[in-house]
Amino acid sequence: MSSIHLATRAASRKRFRLTVVRQNSALITGIVLLFALVLLGAFGPLFLPSPNVTAPGQSLMAPDSEHLFGTDRYGRDVLARSVAAIRLDLMLAVGVAIMAMALGSILGAVAGYIGGWVDDVVMRITDALLAFPGFVLALMIVAFLGHEIIFVAIGVTIGSTPHFVRLARARALSERELDYIPASKLAGANRGRVIFGHILPNAISAPLIQTTVTAGWAILDIAGLSFLGIGIQPPTAEWGTMIAEGYSDILTGKWWPALFPGLLMLLAVLSFQLIGDGLSRRNSL
Amino acid sequence: MNNLLNVRDLRHTYVKGRIQTHAVRGVSFEVARGETIALVGESGCGKSSTARLIAGLETATSGSVSVAGHDIADIATDKRLRRLVQMVFQHSDQALDRSWNVERIVAEPLLRMDGLRLSAARTRTVAALNSVGLGDDFLSRRPRELSGGQSQRVAIARALISQPELVVLDEPTASLDQSVRTRVLDLLKRIQEERNVGYVFISHDLASVRRIADRVAVMYLGRIVEIGRTAEIFANPRHPYTQGLLRSEPPIDPAVKWEITPMKGETPSASAIPDGCAFRGRCPIADEACATVDPLLLPVGSTRQLACIHRSVDGPI
Numbered sequence: 007m008s009s010i011h012l013a014t015r016a017a018s019r020k021r022f023r024l025t026v027v028r029q030n031s032a033l034i035t036g037i038v039l040l041f042a043l044v045l046l047g048a049f050g051p052l053f054l055p056s057p058n059v060t061a062p063g064q065s066l067m068a069p070d071s072e073h074l075f076g077t078d079r080y081g082r083d084v085l086a087r088s089v090a091a092i093r094l095d096l097m098l099a100v101g102v103a104i105m106a107m108a109l110g111s112i113l114g115a116v117a118g119y120i121g122g123w124v125d126d127v128v129m130r131i132t133d134a135l136l137a138f139p140g141f142v143l144a145l146m147i148v149a150f151l152g153h154e155i156i157f158v159a160i161g162v163t164i165g166s167t168p169h170f171v172r173l174a175r176a177r178a179l180s181e182r183e184l185d186y187i188p189a190s191k192l193a194g195a196n197r198g199r200v201i202f203g204h205i206l207p208n209a210i211s212a213p214l215i216q217t218t219v220t221a222g223w224a225i226l227d228i229a230g231l232s233f234l235g236i237g238i239q240p241p242t243a244e245w246g247t248m249i250a251e252g253y254s255d256i257l258t259g260k261w262w263p264a265l266f267p268g269l270l271m272l273l274a275v276l277s278f279q280l281i282g283d284g285l286s287r288r289n290s291l
Numbered sequence: 010m011n012n013l014l015n016v017r018d019l020r021h022t023y024v025k026g027r028i029q030t031h032a033v034r035g036v037s038f039e040v041a042r043g044e045t046i047a048l049v050g051e052s053g054c055g056k057s058s059t060a061r062l063i064a065g066l067e068t069a070t071s072g073s074v075s076v077a078g079h080d081i082a083d084i085a086t087d088k089r090l091r092r093l094v095q096m097v098f099q100h101s102d103q104a105l106d107r108s109w110n111v112e113r114i115v116a117e118p119l120l121r122m123d124g125l126r127l128s129a130a131r132t133r134t135v136a137a138l139n140s141v142g143l144g145d146d147f148l149s150r151r152p153r154e155l156s157g158g159q160s161q162r163v164a165i166a167r168a169l170i171s172q173p174e175l176v177v178l179d180e181p182t183a184s185l186d187q188s189v190r191t192r193v194l195d196l197l198k199r200i201q202e203e204r205n206v207g208y209v210f211i212s213h214d215l216a217s218v219r220r221i222a223d224r225v226a227v228m229y230l231g232r233i234v235e236i237g238r239t240a241e242i243f244a245n246p247r248h249p250y251t252q253g254l255l256r257s258e259p260p261i262d263p264a265v266k267w268e269i270t271p272m273k274g275e276t277p278s279a280s281a282i283p284d285g286c287a288f289r290g291r292c293p294i295a296d297e298a299c300a301t302v303d304p305l306l307l308p309v310g311s312t313r314q315l316a317c318i319h320r321s322v323d324g325p326i
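Protein sequence lines, in the order shown, are assigned to chains L and P. Residue numbering for the first sequence follows the numbering used here, starting at 7 and increasing by one per position. Residue numbering for the second sequence follows the numbering used here, starting at 10 and increasing by one per position.
What the hints contain is simulated information worked out from the structure, not anything from laboratory work. Ideal Cβ placement from N, Cα and C applies to all residues, glycine included. Treat the hints with care, as some may be off.
[Said to hold, decoys possible] Residues from chain P that face chain L, not an exhaustive set, calculated with beta carbons under 10 Å:
#1 Arg42
#2 Arg91
#3 Arg92
#4 His100
#5 Leu119
#6 Phe243
#7 Ala244
[As the list claims (entries may be wrong)] Some chain P residues close to chain L (C-beta under 10 Å, calculated; not the full set):
#8 Gln103
#9 Asp296
#10 Ala298
#11 Ala300
#12 Asp303
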């Protein structure tokens, strides 16, 4: 009887450990992948030719030992361009995700804590923005503002903010009912102190996790806008513009100018998704 | 007025849509320095609303609260007066911000009221922790590392660090084990003797009330129905509701057989209070007169007040 009991307990403990490892493995894979990409983006360009040097005689050369990823139709090294794009795309995506997180969490915490008409205004705007897919929203904003990198960043940030508002507001609504809020009022904390000192730190965990997922989506949005020709403009090395320039060559069997930037983009998005997934599972454990 | 706390005809009505909930319906009492008054009654009798009004967390519909001669509205908005009234909450685990450490939690009143930096408040923070029996090794701990009794002590240290003159204790021992409960009560009592601070003690645990309170106010549906010295209320309850409430408490001696005689009926809703005496539907001695007369809280003897038309007049105290 007790041996059976012990056996099931051992089994359940083993199962528990397995799930922890599995959850951590997603997290660790994501972190390793992202770290590798960051290293490549930071130091790769030192060992590679300039991404924008054209060589008319060497256009669309298949991958070989000199050009590992081949060359595009202007004879530019696809590896050098793909690696140069890591800096731009990762920094832009992470910047956008952090901006959206900060903006959305503050708005959500303020709306959730203060309530009343402030909450109504913030949530109606958020709902209106949520009615559009983030990408369509970003597309409209960039089309309206212009094709500068900063406007791409603003457009994607606004498209990503509503989720953070909802996450932070939901937590703020439950936090404000807890007794530490009246306790801090009795301690003399004003509204700003209560929101930024108490509500926000306790409401931030879900938005923080969402940030990594958002960074992944932001890469897709930025590249998507550039692919459509309204984001980052050629000749800047960026995954979306590279795919846009290269995809017509696929039809003639020259697959490398579009495939390799797409592959790096895939790895970048995957790394953010894995980290986000791993973090949210750990958080709910 | 030499009283520390004066509560005069305090009323509070919550309005939600068309429904008006009369949580507090004309409560008056006073507390002297160094005195403890206990507000007792069933859930929903308005004792917690009264506590929040006294602490200045909510604004009363009408009536007044003054502490040490200052109106509560001024105390709630003036940083220099804010220290006068502090409060200890029922759920100590919720009353401490879990993302802060004990040092910041305890020192927060000094940071906000006196504009001190955390390092400048250190000596007083440690002293406050010591006064509740916690060492300075607790400074860096987080609320989740504290036991129930420890977190309630931290909450008490925080409430006392600004040298308040009145502390509202909203069921401070309700979420604690019996043994821890006794120690926290003794701690509160010792602090009161040292600092001459006044307590408003909210509880439905009659044993705790007996242990700590100098006077007891029994509340029913937003009103005080009986108020007097703890010993005389427990020894000789006069109001039928007080009698019912005391009967519902199990005897301390386990050998004594507990005659459970529950009060009949349910408390009427605070949004539909009956005419006449609010307690008459559950009262064993109610008659036709109770349906028409709303009993006032009137003195019987020198230290006691009672709101019952039948018990106020007959019989000696």
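Structure-based check of each hint:
no.	hint	in the structure
1	Arg42	violated (20 Å)
2	Arg91	holds (5 Å)
3	Arg92	holds (8 Å)
4	His100	holds (6 Å)
5	Leu119	holds (9 Å)
6	Phe243	violated (30 Å)
7	Ala244	violated (35 Å)
8	Gln103	holds (4 Å)
9	Asp296	violated (43 Å)
10	Ala298	violated (42 Å)
11	Ala300	violated (39 Å)
12	Asp303	violated (33 Å)
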